[in-house]
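Trainee: From these two lone chains plus the hints, build me the complex, please.
Here the protein sequences come in this chain order: W and V.
Under our numbering, the first residue of the first sequence carries the number 1, and numbering increases by one thereafter.
Under our numbering, the first residue of the second sequence carries the number 1, and numbering increases by one thereafter.
Hint data in this document are derived by calculation from the structure and do not stem from the laboratory.
Do not rely on the hints blindly, as some may be mistaken.
Claimed, not checked - Quick partial rundown of chain V residues pointing at chain W, CB under 7 Å, derived from the structure:
1. Lys-84
2. Ile-113
3. Asn-116
4. Leu-119
To be verified - As a list, the in silico DSS-like pairs of lysine-lysine whose alpha-carbon atoms are at most 25 Å apart:
5. W:Lys-48 / W:Lys-102
6. W:Lys-69 / W:Lys-9
7. W:Lys-48 / W:Lys-99
8. W:Lys-102 / V:Lys-23
9. V:Lys-76 / W:Lys-112
10. V:Lys-23 / W:Lys-99
The beta-carbon is built from N, C-alpha and C at its ideal position, and this holds for glycine as well.
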Amino acid sequence: MAKIKIDTKKLNSAIARSFDKTLDRLSESLDYAIDADLYEYPRTTKRKSGEIVSSPRNLVDLGNLRDSKVIARSSDGNAAEFSWDVPYSLAVHEGYTTKTGKDVPPRRWTEKGIEEADPITFFTDALAREL
Amino acid sequence: MITPIEIRNQFLSLLGSVIGQYKFTDGRIQSAIALLPDENHGWDFPNNGTVTAGIEAVIIRPYPGVTELIGGRQKKYEWAVTLKQWDASNNLLAATEQLVNNLTYLLTTPRTIPPNAALGNIETVKFEIIEYVYQPIVEV
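If we strip away everything but chain V, and leave its shape as in the complex, we get (with noise of 0.2 Å):
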């Protein structure tokens, strides 16, 4: 199964020098991704009054999808990737190829929402990585 130490650093790799920055409000510096529920912050990550520069991902951690099958289910997890773009002069084209090309894990279409003055949003390009694991069932 794939676990979220694993998916951080298949990002970390990937993005390398690219992946923005959390500045905390103590100070501390640590590469933006946000795996959530964070395993010691919970859903509170990162903290109010952290300032994100340049690329943040947020990954959220599934919950199981289930079909039942004979002798067994099949378990569906979706984990939802979104990538922001922090630096209005800049974008998510070349990091979205690169996670692309090389995520080694199913993956759905990125959909990419650019940035709109009446909204006032950033740009974001959202998608799944997908993982399908069979559990059998059996009986005692």
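Bound conformation, chain W alone (with noise of 0.2 Å):
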């Protein structure tokens, strides 16, 4: 009977790599989903910077979302959580209601990154690459 050697450690150094490049894949994704005029918006606004936007439009004013990404990792380095750290991120994402009545579409970029970098396929592919 044939044997198959597996050499793990050179396997496990495969998969943090291609994890490593996935993450960086999906974080590019996930700027240019914010960054992108992909949102469509029922009326015209302007913006804290001045800027006069209507729709489709990015969700870019002063740029405070798109920089509190943070990127927490797990301490084995097998997972990796997305957050963005200002308090109307969630506001922002699920959509919400103004005291005055008007309904802010959701925005939700996460899912828009995601289907744009397709991590798990991403993932696949680069570590047949690597082995």
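Mentor: Quick look at the structure:
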């Protein structure tokens, strides 16, 4: 019977490199999803930056949301979590209602970023190239 | 299948006296539950000029998502629920707890959007009511 010898050290190293590349790819894609004019909006508004914006629009006013991205890695390095550390990030993502009764639609940049990056396919392709 | 009337009755029963009120422009008052599109007024409900007080529940009636299966298809309905607290001195904790504890449907995890001075928003809680319906396809 033939024996298969697996070099687990080499395999784990390839997995780690592929995961790092996937995180880089996803991070770029999530930034793009905030920067790009991908979001329908029901009215024209003036931003704090002074810019007049209509629809579709991006999610960048002063850039605080995009710049607040945090990537937290687990201690073993095998998991990661993206978050955006400004108090209004969930409101932008899920939509909200103003005190005057205007509804602002959800703008789920995470869905668009993940769709664009396709991290599972990217990871498996990266790993195949590493091995 | 879940019906709009059934959902409205569950929300009215569970939220009871804590549900807010619509005061329409013609002076009529009604519990603040909107199932959209409304059967009589479509998406224009409540009409412009309506004053809403207290807790409002807005429920969007879903179109089906479809997964094809052998011999039939599975339809997935997601009723999008938004609770809105129009009273800035109050919150949605008790109402959310009451609905999560007692609604007789599959629910997604509620997402709380707290008031934020920069956005000028009111407190809202969003979740979905999920229903799966198997639709057999009979060849004739």
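Trainee: All hints are to be evaluated individually against the structure, with a verdict given for each.
Mentor: Hints, verified against the model:
{"no.": "1", "hint": "Lys-84", "in the structure": "holds (6 Å)"}
{"no.": "2", "hint": "Ile-113", "in the structure": "holds (5 Å)"}
{"no.": "3", "hint": "Asn-116", "in the structure": "holds (5 Å)"}
{"no.": "4", "hint": "Leu-119", "in the structure": "holds (5 Å)"}
{"no.": "5", "hint": "W:Lys-48 / W:Lys-102", "in the structure": "holds (18 Å)"}
{"no.": "6", "hint": "W:Lys-69 / W:Lys-9", "in the structure": "violated (32 Å)"}
{"no.": "7", "hint": "W:Lys-48 / W:Lys-99", "in the structure": "holds (19 Å)"}
{"no.": "8", "hint": "W:Lys-102 / V:Lys-23", "in the structure": "holds (18 Å)"}
{"no.": "9", "hint": "V:Lys-76 / W:Lys-112", "in the structure": "holds (22 Å)"}
{"no.": "10", "hint": "V:Lys-23 / W:Lys-99", "in the structure": "holds (17 Å)"}
The structure fails hint 6 only (numbered hints given earlier).
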